[in-house]
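S.K.: So you can see what is in the structure, the chains are spelled out below.
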Amino acid sequence: MSRVLGRRFVRADGLPKVTGQARYAADLVLPGMLHAAFLHAGVPRARIRRLDVSAARALPGVLAVLTQDDVPFVRFGAAVEDRTLFAHEVVRFEGEILAAVAALTPELADRACRLIEVELEALPPVLDPEAALAPGAPLVHEDWQDYSANDGIVRDGNDCGFVNIVKGDIEAGFAAADEIVEGRYVADMSHPVPIEPHAVLAQWEGDRVTVWSTTQTPFPARNGLTRTLELPESAVRVVVPHLGGGFGGKCEFHFEAHVAALARAARRPVRLVFDRRQEFTATDMARHGIIATFRTGVRRDGTIVAHEASLILDTGAYATHGPVITEIATMMAAGPYRHPNMLVEGRTVYSNRTPAGSTRAPSGPQVCWALEQHVDAIAERLGLDKLEFRLRNIVAEGDEGPTGQRFEKIGARESLLEAARLIGWGRPLPPGDGMGLAVGWWFSAPGPAGCYIKLNADGSATVVTGAQENGSGSVMGLALLAAEELGLAPERISLVYQDTDAGAFDSGSSGSQTTFNVGRAVLAASAQIRDRLLRMAADELEANPLDLELVEGVVRAKDAPGRSVVIAALARRAQDDGELITGQGNPPAPKMPDSLGGSCAGRVAFPAFAAPAFFAHAARVRVDRETGVVRVLEVAAGHEFGRVLNPIGVEGQVEGGIVHGLGIALSEGTVFRDGNQANPHLLDYKLQTAADVPAMKIAFVDAPAADGGPYGSKGVGEPPVVPTAAAVANAIAAATGVRVRHLPMTPVRVWAALAGEDA
Amino acid sequence: MAVAVGRTYHAPASLDEAIALLAELGNDAGVVAGGTDLVVAARGGRRQLPTALVAIHRLSELATIEGSPFGGLALGALVTHADLERSDLVRRRWTALADAAALVGSPATRHVGTLGGNLCNASPAMESGAPLLVYDASVELRSASGTRGLPLADFLLGPARTALAPGELLTGVTVPPQPAGRVGSAYLRLDYRASMEIAVVGAAVLVALDADGRCTEARIALTAVAPTVVRAADAETALRGQLPTTERVAAAAARAAAAARPIDDVRATARYRTAMVPVIVRRAIEAALKRAEEEAA
Amino acid sequence: MRYPLTLTVNDVPYELVVDPGHSLLDALRTDLGLTGTKEGCDDSECGACMVLLDGRPVNSCSYLALQAAGRRISTVEGLVRDNQPSALQRAFLEEGGVQCGFCTPGMLMSATALLAANPSPSEGEIRAALAGNLCRCTGYQKIVSAVAQAAQEMARPTPG
Ligand SMILES: Cc1cc2nc3c(=O)[nH]c(=O)nc-3n(C[C@H](O)[C@H](O)[C@H](O)COP(=O)(O)OP(=O)(O)OC[C@H]3O[C@@H](n4cnc5c(N)ncnc54)[C@H](O)[C@@H]3O)c2cc1C
Ligand code: FES
Ligand code: FES
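Chains as they are written, first to last, in numbering that gives the first Met the number 0: chain A, 0 to 758; chain B, 0 to 296; chain C, 0 to 159.
Don't read these hints as lab results, they were simulated from the structure. Quick caveat, the model's predicted, so the values are computed rather than measured. By construction, the Cβ of each residue, glycine as well, lies at the ideal position given by its N, Cα and C atoms. It is possible that part of the hints are untrue.
[Claimed, not checked] The following residues of chain C were derived to be distant from chain A, with all beta-carbon distances above 10 Å:
no.	residue
1	ASP10
2	ARG70
3	ASP81
4	ARG155
[Unchecked claim] Some residues of chain C that are not near chain A, with every Cβ distance over 10 Å (derived):
no.	residue
5	LEU4
6	THR5
7	PRO12
8	LEU15
9	LEU31
10	GLY35
11	ALA47
12	ARG71
13	ALA115
14	SER119
15	PRO120
16	ARG135
17	MET153
[Said to hold, decoys possible] Reference listing, derived: stretches of chain A covered by chain B, where coverage requires no fewer than 3 residues with Cβ under 8 Å from a Cβ of chain B:
no.	region
18	687-693
19	742-753
Model the full structure from these sequences, guided by the hints.
M.R.: Here's what the structure looks like:
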């Protein structure tokens, strides 16, 4: 790894983005384009008595009005097929779509929505996930048994995904414990909040539809379209222009089918652009509200001997990825610690809230926040330093993970030590300040990936993939990998991406998978081109290909750099001779680690954590004890990502993750009034601003993974958001002596905790 | 086809023209200055724009900040928060108002948002209200039938309710000279984030000290804990004529809670707001005292 | 009623006809096709729509187009001069201040206004100037350093 990787580079989509040339979905306009609007239910739970769209249809300038009656009756869903495009008979959350309109102007479309006559019989909403699990509780989905679900998902009533981890002998573990520490923590639902709201534009040509969408997952979006509108995959093309961030909120399939159906009915292109309120209430990828309870047995020397955890994830009205996320959550509830005996249970509970789903590191920040406070509480009980207690239990090479995987060389301990070093753990602090630590781990997501590379006659190259660039730079970084392999400058590599007609299937920018999977495909495709170039150059230079290398646009002899041939000349010659130099890569996915499997239930997608990344954050806060206002003064981060390929990109991910994490810690939470979100706008759902951000220090730990991504790298996008809230919580406790057990830790809650209450 | 909405737009070039327009348009008329309340509320769907928009941004005669000969202050309605924040005069003598202006929204909000708009929008969380209350400010209202002055306290009637009569424009704010002695004033807001906040609790305080350091005058006003910004009379009485010892300041601050009638909303519980009043008031008194003491030097 | 309006954007005068309630943002994006300026919220909180009016930042989403008549409007599309990105734009690229890019036009405009008023801002001043521009991707750090970097670069005497 040398010439290109590890150095700072300017991303290829940067220039259009700083000049305003980059077009995002809401910027696109087609001739004759209509504007879409949705009529949302506005109440969390109701039976639909009447839905009459005739007045809306009659309004001049309205070209299409659709309800569930106008589209095929198809149930769909990522894990459980529990939903339909439009509300059918019942309303299960406030943002549920009753009808969709396409009209000449946005104002007309809104007016048409208001002309739709709706009679809803309100039902008491299911909002308390613990009560929803009680026998006889009202069911959010009365027909849940009729739904089909992915194999292996364990469902029962309002629980649409029971998952557990059973390891060792938990009772024996508790019997051997000197101390048993318990704790309960509650996290409110929050939101991914990309700054770009959802937008979709659809246009039909004959039987084919092109959909420009703000999706992070073009192929799953296409699957949703083909399934709900009963179309062949070849009839649907999903294209993402530039995407204005996603953070999981734009994963899966959202409104593409509604807009495509409107465009078909109106026989015109139709564009939908969400406003911020819809973004909060009507999308379906909120961050789960979670109730976590722990009970842990430890020996006096600080060894954990028994660990029990129960998690309840509020998945809202629909399962989306819920059961899979609960599975992740159970791994997070174990944490990167050695556990001889463990019992973790997770439940995915329906409610009448906005559906939760795959937001950046789904369940990670909340469960880490809960577990790491609990871990601090254990250290306190034992009178051990919190760093020391963690070091005594943290996993290392050769240890066994929660589900039995064996860790290879990992940087868990080193990340923790780095974070502690950077923050100056243990140094004296001014009164009112406190420091906290938190550790965590996160998986990489092995999956299929394909890539096609064309060497152009001028020696530049074009990489074609199905991957999606959500802003993180992971697709932009693919140019670095190709450049490194082909001996070209990264600027010589162009990229074609996020178009289902161009690249092969890709699961999208979810699960931090792009570099991990597509990167390997790029390496494989590059290798084919490289081999061809080496052979051509070997002929020309009368050398052995093994003695040649591709560097700085030439193929040259390793021991005599003067003996070289320009890659552009080889490419040109090949083309003149009738040969187009291309490469194609679709390498097998790295294997999943072995796991216990058998003794656990409901483990569908994540029997273990593949190529896990380890990390620790440390925070220093200042708490205003009178007001409960917390200011974060410093955050230090130690991260092991296997190997860092693009430092400027990875730093950007870590810094962005920390600040996102600070929001989760302090200010980002949904407030519900009778089942409707009371703060569906940015004034009262508070993101951190530039003025809130503390000094950040970051260190990377190297531990290349054998079953990792390119050069042993691991997924980068999600880990940084995981441990910040936990570190802040522990810092607050250190500063004040009280634990805030409700996330976000708003001033009102910190103040109440200081007053001995639970707000 | 889209039906053209009958909304009209008027951008008078002079104050007289504006007053005449308001008289002519009657109840349909709605003034827009910076639009940071009016247009934002319309976009968020909370309020409709008025049927006849009278945009007053061109009335440069209303954008002035002037000291009066006897030490008073005259502010035009179109003075922006950024103007207040940067005016030497305001920063030096009317510090609580400068404090408040600097807290409003973002740089963009402060450039565009006006003093007149802040007062006429009549939010209990308005930033400029509490400082102006402690300065005993009056508003100047002009209509076709003449000009009248009204103490600010009488102008603000409740959330989004003022004493503005149809056809009336708020043209400015006048502030009488400050009391004798060493005067200090300050405005403090409880902020969740470092910026871009709306007041959960705010307090403005003016104190005047005599040569012995005794409070000859104390005025205290609260933001966001009642239907309008309000003076906290009990707290003022507790301080007036006293030496402002730590205990007396704390006791006075505690009595400010009597003036608070807060509500529960998504930003805070009423309990929290009530509990925060003494804290913020105490800190504002301390800040004002510090400034008054510095006056001596 | 609809009203004729001349908007001068990046020194180019445009004639259009708008409703009184039409926002400056809608005029720029829909009528003029200047989609570099973005829309991210409905309560003036995100700053994606930031443009300059006579050199000062305004949230164009909640500013009436008609009130911008006769004033100088600057948008991200006007930052490139002589086919060269500005020092600020270059610094955003080099420092990694751009990820998804959706906040970028608004950030650039706020930063442009800042540097015009205060050519050598402190870190705190930069952060305060950008407080009305939300970014979900970067954590602001690289944006703040890009602004600082650009300030330094602009302070350097230009040859010739
Ligand atoms: C992001 C953001 C943050 C904000 N932060 C704060 C904050 O921290 N503190 C705070 O106090 N406010 C805040 N505001 C609210 C707002 O910016 C201020 O109240 C501002 O001063 C309003 O002035 P304006 O000129 O924009 O008013 P406009 O919106 O133009 O008008 C507001 C109301 O006053 C009426 N009006 C305006 N001028 C006159 C006049 N001269 N005579 C008669 N009627 C008139 C209008 O008809 C309208 O009803 C914020 C707003 C936004 C969008
Ligand atoms: S669009 Fe968010 S502030 Fe204007
Ligand atoms: S770069 Fe994505 S919001 Fe700032």
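S.K.: Each hint needs a verdict: does it hold in this structure or not?
M.R.: Verification of the supplied hints:
| no. | hint | verdict |
| --- | --- | --- |
| 1 | ASP10 | holds (15 Å) |
| 2 | ARG70 | holds (20 Å) |
| 3 | ASP81 | holds (13 Å) |
| 4 | ARG155 | holds (20 Å) |
| 5 | LEU4 | holds (19 Å) |
| 6 | THR5 | holds (22 Å) |
| 7 | PRO12 | holds (19 Å) |
| 8 | LEU15 | holds (16 Å) |
| 9 | LEU31 | holds (12 Å) |
| 10 | GLY35 | violated (2 Å) |
| 11 | ALA47 | violated (6 Å) |
| 12 | ARG71 | holds (18 Å) |
| 13 | ALA115 | holds (18 Å) |
| 14 | SER119 | holds (18 Å) |
| 15 | PRO120 | holds (12 Å) |
| 16 | ARG135 | violated (5 Å) |
| 17 | MET153 | holds (16 Å) |
| 18 | 687-693 | holds (count 4) |
| 19 | 742-753 | holds (count 5) |
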